[in-house]
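Taken in order, these protein sequences are the chains called A and B. If you're matching positions, the first sequence starts at 1 in our numbering and goes up one per residue. If you're matching positions, the second sequence starts at 251 in our numbering and goes up one per residue.
Hints listed in this document are in silico derivations from the structure and should not be mistaken for laboratory results. Since we're looking at a predicted model, the values are computed, not measured. For every residue, glycine included, the Cβ atom is placed at its ideal position computed from N, Cα and C. Do not take every clue at face value.
[Unchecked claim] Only pairs whose alpha carbons sit at most 20 Å apart, straight line, appear in this in silico SDA-like list of lysine to any residue: (1) B:K353 to A:P156; (2) B:K337 to A:L160; (3) B:K337 to A:E147; (4) B:K353 to A:L160; (5) B:K337 to A:E146; (6) B:K337 to B:G374; (7) B:K353 to A:E146; (8) B:K337 to A:R161.
[Unchecked claim] Incomplete in silico selection of chain A near chain B, CB under 8 Å: (9) A116; (10) G119; (11) M145; (12) E147; (13) A148; (14) A150; (15) S151; (16) T158; (17) I163.
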Amino acid sequence: MLGIYLTVLVLLPVAALLAKSGSGGTSAFWREISNPEAVAAIKLTLIVSAIVVTINAVFGTLVAWVLVRDEFRGKKIVNALIDLPFALPTIVAGVVLLALYGKDSPIGIDVAFTRASVGLALLFVTLPFVVRSVQPVLLGLDLAMEEAAASLGAGPLTVLRRIVLPTLAPAIISGVALSFARAIGEYGSLVLITGNLPFKTEAGSVYIFGQIQNENLAAAAAVSVVLLLAALLVLALLGFALRRRSRHVL
Amino acid sequence: MAIEVRGVSKRFGDFVALEDVSITVADGALTALLGPSGSGKSTLLRIIAGLETPDSGEVVIDEQDVTASPARNRGVGFVFQHYAPFKHMTVHDNVAFGLSVRKRPKEEIRGRVEELLALVRLDGLAGRYPSQLSGGQLQRMALARALAVQPRVLLLDEPFGALDAQVRAELREWLRKLHEEIHVTTIFVTHDQEEAMEVAEQIVVMNKGRIEQAGAPRELYESPANEFVMSFIGPVNRLGDAFVRPHDIQILAEDDGTGTEALVERVVHLGFEVRVELKLPDGREIWAQVTREEAQQLELSQGQILSVRLPAPRVFAS
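Given the sequences, and given the hints that come with them, work out the whole structure.
See below:
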């Protein structure tokens with residue numbers, strides 16, 4: 001039963017994608033993914049995604065920390081706002097970002113059609129992942145562990161580095177993995193604000209959509225396969241790190 | 251090192267955890283802070299450790315006012331109720347933590363950790379992780395970790411609270427012996443009067459944020475300062491405002507006219523001790539504690555009417 005469910009939802013689409021990308025033979029596949037525009041799009045997606053998840057790892061953890069450890073007015077509202085990127089259709093996010101950080105920016109920040117806009121959009125849609133995976137672990141973190149370290153002579157930075165971060169690491173890693181997977185597939189929030197300029201701001205997903213529009217399905221499938229492999233590779237690497245880290249913690 | 255707490259008060263919001271508390275613990279002594287939950291005993295311990303800041307008052311360790319210094323500078327070893335193991339570190343790294351924070355050479359750390367693990371009988375488990383240890387083992391690891399930095403003072407918060415009865419009895423005995431061996435000034439918190447009596451040389455009885463009485467176990471038992479200490483330490487019968495220890499109630503073999511009549515409601519055999527539940531003519535219920543032999547000689551049985559002699563009851567001015 002579950003087998004059928006997963007086959008219909010996951011296995012068949014992936015198989016169809018692989019079949020499509022290989023339908024013209026390996027030489028056609030290579031030709032499609034070595035197309036300079038495709039290469040530029042894939043590179044942009046991977047590099048910006050890597051930068052975005054690194055920022056997420058740091059700021060997501062900080063946001064989770066503040067939400068768990070600090071008391072301030074409006075904390076509940078801020079906490080609820082974290083999920084906004086999940087709730088908002090990404091195209092709407094794109095419209096909002098364009099209105100705020102586009103040509104007619106009410107706050108004087110115009111990043112539209114620049115590479116920074118790609119990062120900005122991806123940061124927005126991936127915001128919740130690290131926060132939401134670190135938060136519960138931080139809530140369950142035994143304060144006595146930090147007190148024990150302090151009573152043994154450790155200063156606040158040593159406690160953070162040797163006690164808190166290693167305990168949070170598995171949650172940060174899984175948040176990063178989810179962010180990365182989401183970032184490389186993101187489409188809706190990118191199309192408006194980035195302008196989709198080939199060789200400059202055109203992300204992999206946008207390139208794929210463009211190729212489909214041009215009825216070049218082989219190119220779309222080939223780039224999809226590359227992104228899929230990148231996602232799998234990153235998930236596998238982070239999964240490995242996660243298992244090593246969390247073996248004794250949970 | 252001697253510890254002195256002078257006039258310490260602490261509130262958490264509206265709750266008064268400690269009110270003008272002062273205690274003195276002699277160098278090398280083994281002291282228990284005894285009291286029901288909410289009596290402030292853990293708060294007092296945490297204030298001595300520097301994990302909590304008092305609203306007023308002073309903490310003096312080895313004639314040095316440490317009230318303002320943070321926990322990490324106090325030279326205090328603290329063992330937490332649930333051990334607070336560093337779960338991502340091996341037993342060795344847990345015990346070594348304080349030394350590695352102090353940047354001691356690797357060789358020295360290894361030697362010291364080995365020594366301590368032998369002391370707490372965890373030799374051979376250095377490579378394990380906390381998740382692979384039992385409660386009793388975790389407890390001993392936490393103790394070794396606290397002792398590694400050669401603290402001036404050792405503080406234990408409900409050290410045996412989370413263990414099952416048998417392990418608890420074993421560890422109590424062991425803690426006593428350990429204290430005889432290393433002689434570091436030790437304070438432990440407990441709500442179990444039997445544990446306090448068995449392990450400590452000095453007991454500080456606390457209730458509602460105040461100290462009721464401090465003294466040797468025997469002193470507290472024999473001359474309790476007030477109702478609370480009387481009823482918290484050792485078994486007690488309450489007759490109105492008066493208190494009577496169950497083992498002070500004498501069951502007479504023959505009614506010689508000096509006793510009071512009593513009906514035996516129940517006889518409970520607890521091994522060496524036998525508990526006799528009695529009803530007095532005026533309807534009050536008390537219980538007497540006798541030995542197995544006495545119970546046999548008296549041929550005690552339920553429904554029997556016999557004669558008891560009550561000792562002079564203790565009455566405390568309220």
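Legend entry - Status of the E147 (chain A) interface restraint (C-beta, 8 Å, chain B): Interface hint status for E147 (chain A): holds (5 Å vs cutoff 8 Å).
Inset, instruction - Please verify that hint: A116 (chain A), Cβ, nearest Cβ of chain B, below 8 Å or not. - result: violated, 37 Å
Inset, instruction - Starting from K353 (chain B), check that the Cα of P156 (chain A) is at most 20 Å away, please. - result: At roughly 16 Å apart (the allowed maximum being 20 Å), P156 (chain A) and K353 (chain B) satisfy the hint.
Legend entry - Pair hint outcome, K337 (chain B) versus E147 (chain A) [Cα-Cα no greater than 20 Å]: Given pair K337 (chain B), E147 (chain A) holds - Cα atoms ~14 Å apart, limit 20 Å.
Inset, instruction - Take the C-alpha atoms of K337 (chain B) and E146 (chain A), compute the straight-line distance between them, and say whether it is at most 20 Å. - result: With Cα atoms ~12 Å apart, K337 (chain B) and E146 (chain A) stay inside 20 Å; holds.
Inset, instruction - Decide if the proposed pair is consistent with the structure: K337 (chain B) and L160 (chain A), CA atoms, cutoff 20 Å inclusive. - result: Distance of about 15 Å is within 20 Å: holds.
Inset, instruction - Starting from K337 (chain B), check that the Cα of R161 (chain A) is at most 20 Å away, please. - result: Answer holds: K337 (chain B) to R161 (chain A) is near 14 Å, not above 20 Å.
Inset, instruction - With chain B as the partner, please determine if I163 (chain A) meets the hint condition of a C-beta pair closer than 8 Å. - result: holds, 6 Å
Inset, instruction - With chain B as the partner, please determine if M145 (chain A) meets the hint condition of a C-beta pair closer than 8 Å. - result: Holds, about 5 Å.
Inset, instruction - Please work out if K353 (chain B) and L160 (chain A) have their alpha carbons no farther apart than 20 Å. - result: holds, 17 Å
Inset, instruction - Quickly compare the C-alpha distance for K353 (chain B) and E146 (chain A) to 20 Å and report which way the hint goes. - result: This hinted pair holds, its Cα atoms lying about 19 Å apart.
Inset, instruction - Please verify that hint: A150 (chain A), Cβ, nearest Cβ of chain B, below 8 Å or not. - result: This interface hint holds because 5 Å falls under the 8 Å limit.
In summary, the numbered hints that this structure violates are 9, 10.
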